[in-house]
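Chemist: Build out the structure end to end from the sequences listed, making use of the hints.
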Amino acid sequence: MNPWQRNAWISLLFFAPLFLIFGQLPILLVYLEGPSFLHLFSFACSTIVGGLLWLFLFFFNKKLKRTGTTQFDERDQLILIRATLVAYVVLWLYFIAACIYTWLSAAPERSISVNVMPMVIVGGIVIFLAVQSIATLFQYGFRRKGEIS
Amino acid sequence: MNRAQKMAWVCVICLSLTITAAFPVLLIHFLVGTPKALYVAVIPWLGLPLSGLICLFIPKDKGKVKRDERDLMIRKNAAHAGFIGAFLFTCFACMIPFFILGPKTVISVKWLPQIWFGTSIAQFFFYSLTIIVDYGRAGKGEKS
Numbered sequence: 001m002n003p004w005q006r007n008a009w010i011s012l013l014f015f016a017p018l019f020l021i022f023g024q025l026p027i028l029l030v031y032l033e034g035p036s037f038l039h040l041f042s043f044a045c046s047t048i049v050g051g052l053l054w055l056f057l058f059f060f061n062k063k064l065k066r067t068g069t070t071q072f073d074e075r076d077q078l079i080l081i082r083a084t085l086v087a088y089v090v091l092w093l094y095f096i097a098a099c100i101y102t103w104l105s106a107a108p109e110r111s112i113s114v115n116v117m118p119m120v121i122v123g124g125i126v127i128f129l130a131v132q133s134i135a136t137l138f139q140y141g142f143r144r145k146g147e148i149s
Numbered sequence: 001m002n003r004a005q006k007m008a009w010v011c012v013i014c015l016s017l018t019i020t021a022a023f024p025v026l027l028i029h030f031l032v033g034t035p036k037a038l039y040v041a042v043i044p045w046l047g048l049p050l051s052g053l054i055c056l057f058i059p060k061d062k063g064k065v066k067r068d069e070r071d072l073m074i075r076k077n078a079a080h081a082g083f084i085g086a087f088l089f090t091c092f093a094c095m096i097p098f099f100i101l102g103p104k105t106v107i108s109v110k111w112l113p114q115i116w117f118g119t120s121i122a123q124f125f126f127y128s129l130t131i132i133v134d135y136g137r138a139g140k141g142e143k144s
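Chains as they are written, first to last, in my numbering: chain A, 1 to 149; chain B, 1 to 144.
For the record, the hints were derived by calculation from the structure and aren't laboratory data. Treat the hints loosely; a few may be bogus.
[Claimed, not checked] Calculated lysine to aspartate or glutamate pairs in the EDC-like style (CA-CA distance at most 20 Å, straight line):
#, chain 1, residue 1, chain 2, residue 2
1, B, K104, B, D68
2, B, K104, A, E109
3, B, K6, B, D71
4, B, K6, B, D68
5, B, K66, B, D134
6, B, K60, B, D71
7, B, K104, A, E33
8, B, K76, A, D73
9, B, K6, B, D134
10, B, K110, A, E109
11, B, K76, A, E74
[Stated by the list, open to error] Selected chain A positions facing chain B (in silico; Cβ < 8 Å):
#, residue
12, P35
13, A44
14, C45
15, T47
16, I48
17, I96
18, I100
19, T102
20, A106
21, R110
22, V114
23, N115
24, M117
25, P118
[To be verified] From the derived model, a few chain B residues whose C-beta atoms are all more than 10 Å from chain A:
#, residue
26, M7
27, V10
28, P49
29, L56
30, F57
31, P59
32, I115
33, Y135
34, G136
Glycine included, every Cβ here is placed at the ideal spot set by N, Cα and C.
Modeler: Below is the structure:
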């Protein structure tokens with residue numbers, strides 16, 4: 001199992017559930033205690049970092065390439081790009097379902113609580129992380145092909 | 001200027017007009033508050049299908065090689081930028097009502113498709129803008 005497969009397993013088993021719990025926490029705190037700058041800041045940071053975490057791999061790879069110690073070759077990069085693309089497609093479908101289906105299924109004069117909207121974002125990020133990890137593992141295959149950890 | 005650059009310019013121009021047109025409509029909606037303003041709000045979103053329609057009429061690139069590694073790299077960067085732009089737009093569109101209006105308030109379901117359309121516009125706008133920036137504004141020998 002190479003480091004990128006290990007990262008995908010960690011992301012699938014730990015980061016996605018943890019983000020589901022800790023992403024909802026500021027929403028609950030705002031609901032109970034009212035909005036504050038600290039809650040806004042923590043929620044904004046967690047969603048933006050959580051949603052754009054996959055970008056760090058590309059920056060990390062570029063930095064390693066300069067030093068000449070990279071373990072991230074063209075195949076790994078292609079797998080990461082494809083996994084990100086698959087996750088992005090699923091995220092779009094989820095977002096369409098969340099926005100358009102709600103609008104179509106509910107009567108036009110109906111309203112929703114604003115609490116639902118940040119929950120949609122948190123749900124979207126969790127789905128993105130989970131699908132990206134599953135797609136990465138699926139592309140590497142479940143059997144070893146000579147990857148060295 | 002190749003086909004991708006021409007399409008990017010069309011998208012950026014149409015979507016800039018769309019974004020510019022959206023502000024007066026939103027202002028009318030909030031000032032007047034008439035339900036009809038919501039129907040007018042559909043007009044600015046026409047920029048997205050309009051840009052797609054114009055792109056259909058842009059002729060395809062001539063020559064045997066349609067795209068090389070540099071083009072693919074630019075498109076990959078543009079796709080990343082489009083994703084980041086769309087994601088940030090959605091985050092802010094969902095967070096702003098929650099933190100400004102307060103957690104106890106409700107909003108109409110009519111705003112949900114507007115957010116979705118806005119996200120689509122952000123995606124195409126940042127994608128096109130990155131293509132223009134990466135290729136450079138001045139031509140470097142790309143042939144259409």
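Chemist: Enumerate the violated hints, using their earlier numbering and listing them in ascending order.
Modeler: 1, 14, 32
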